[in-house]
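2 protein chains.
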Amino acid sequence: MNLNAYLSGYADGEGCFCVTINKSKRHVFGWEIRPSFAVAQNRDRAEVLWMYKQRFGCGSIRSNRSDKTLKYEVRSVRDLVERVIPHFEKYPLLSSKRTDFEKFALVCKKMSCGEHLTEKGFREIVEVVFTINDGKRKYPKEAVKI
Amino acid sequence: MNLNAYLSGYADGEGCFCVTINKSKRHVFGWEIRPSFAVAQNRDRAEVLWMYKQRFGCGSIRSNRSDKTLKYEVRSVRDLVERVIPHFEKYPLLSSKRTDFEKFALVCKKMSCGEHLTEKGFREIVEVVFTINDGKRKYPKEAVKI
Chain P
5 MNLNAYLSGY ADGEGCFCVT INKSKRHVFG WEIRPSFAVA QNRDRAEVLW MYKQRFGCGS
65 IRSNRSDKTL KYEVRSVRDL VERVIPHFEK YPLLSSKRTD FEKFALVCKK MSCGEHLTEK
125 GFREIVEVVF TINDGKRKYP KEAVKI
Chain W
5 MNLNAYLSGY ADGEGCFCVT INKSKRHVFG WEIRPSFAVA QNRDRAEVLW MYKQRFGCGS
65 IRSNRSDKTL KYEVRSVRDL VERVIPHFEK YPLLSSKRTD FEKFALVCKK MSCGEHLTEK
125 GFREIVEVVF TINDGKRKYP KEAVKI
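Protein chains in written order, with this note's numbering: chain P, 5 to 150; chain W, 5 to 150.
With the rest of the complex left out, here is chain P (with noise of 0.2 Å):
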C-alpha cells in the first residue's frame, strides 16, 4: 500500500495546515507569525503519528494539556517548507481543505525568502493568513498593525 498516499488521506481529515498570528515584542513590527502543520488522535490509537514523524524526518509528538491525545507537529518554517510541503504537493489533498494547504504553503514560502521581516511582505503574508480556515483568528486583521 502507498503510505505517502495514506498519510495525504489521513490528513485530509485530522491534520490542520494552520498560521497563528501573536502579539510578540521578540519579533519585527511586534507580532509573530507562526506556520504549523499538525495532526492530533486519540493516544489509544495514535500509531500513525509516528508514521508522519518517520516519513516527513522532523517535527515532534507532544501530549496535549488534556492527556487524552497525542499530537504530532512540524513548526520549522525549513522543515515545513522542505518536507511537508513538498509531501502534499505530490500527494495531494482530495477535499476543499487544499485551498488552504496551498495558502499555507505560500505564507510559508514567502516566510522561508524572509519577506515577513519586509513592511510590504509582512502585509501580503497577513492578507493571505486571514483568509485561511475561514479566517477564525485570535485577533481581527485590523488589530494587526505595523
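Think of the hints as simulated: they come from the structure by calculation, not from any bench.
A couple of the hints might just be wrong.
Pairs involving identical chains hold if they fit within one copy or between any two copies, as the list cannot separate such chains.
Unchecked claim - Here are the simulated BS3-like pairs of lysine-lysine, each with C-alpha atoms no more than 30 Å apart in a straight line:
1. K140 x K72
2. K72 x K145
3. K57 x K145
4. K75 x K113
5. K124 x K107
6. K72 x K142
7. K114 x K57
8. K124 x K72
9. K140 x K75
10. K57 x K149
11. K27 x K140
12. K124 x K75
13. K29 x K72
14. K107 x K75
15. K27 x K113
16. K57 x K94
17. K94 x K29
Position chain W relative to chain P; hints supplied.
Quick look at chain W alone, frame taken from chain P:
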C-alpha cells in the same frame, strides 16, 4: 496518487466501523444487530465522502441533524461484505483501529451467513460486538438476553 490508500488513511482518522444493538420486535430474539461503516465530515469539505460512494459503488450520503455535517454510510450487510470490507482488507488501516475493523468484519461475515438467526450464532456475535470500540454501548451486555 493511489486513491485506495488515500481513502483508507482518511477512514483511519474519520471512519467508524460500528455495530449497534437495539431492541426490535421485528427481529429474531427481540434484538436488531446493525453494522455500519460511516464517515462524517463538515459540509464545506465533504468531497471525499463522494469519492467513497463512487469507489465503493454503494451506500448513501445524508445530512446530519445539525445540518453542519454530511455522513457517508453503508448499512447493507451484503455491501459491507462484498465491497467495503474487501477494500480495507486490501488497503488495511495502520492504527489500532484495525482491530475494531477486524471484529467488525467478523460480525458482518457471520451475519452474511445468517449465523445471527441461530441462538449459538447470535450469542457469538454479541460477544464480539461488545469488544468493539471499547465496548461503549447503549445497552449493557447483560441486557441483551435471548
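Exercise for review: Run the structure past the numbered hints and jot down the numbers of the failing ones, going up.
Suggested key: 3, 8, 10, 12, 13 and 17
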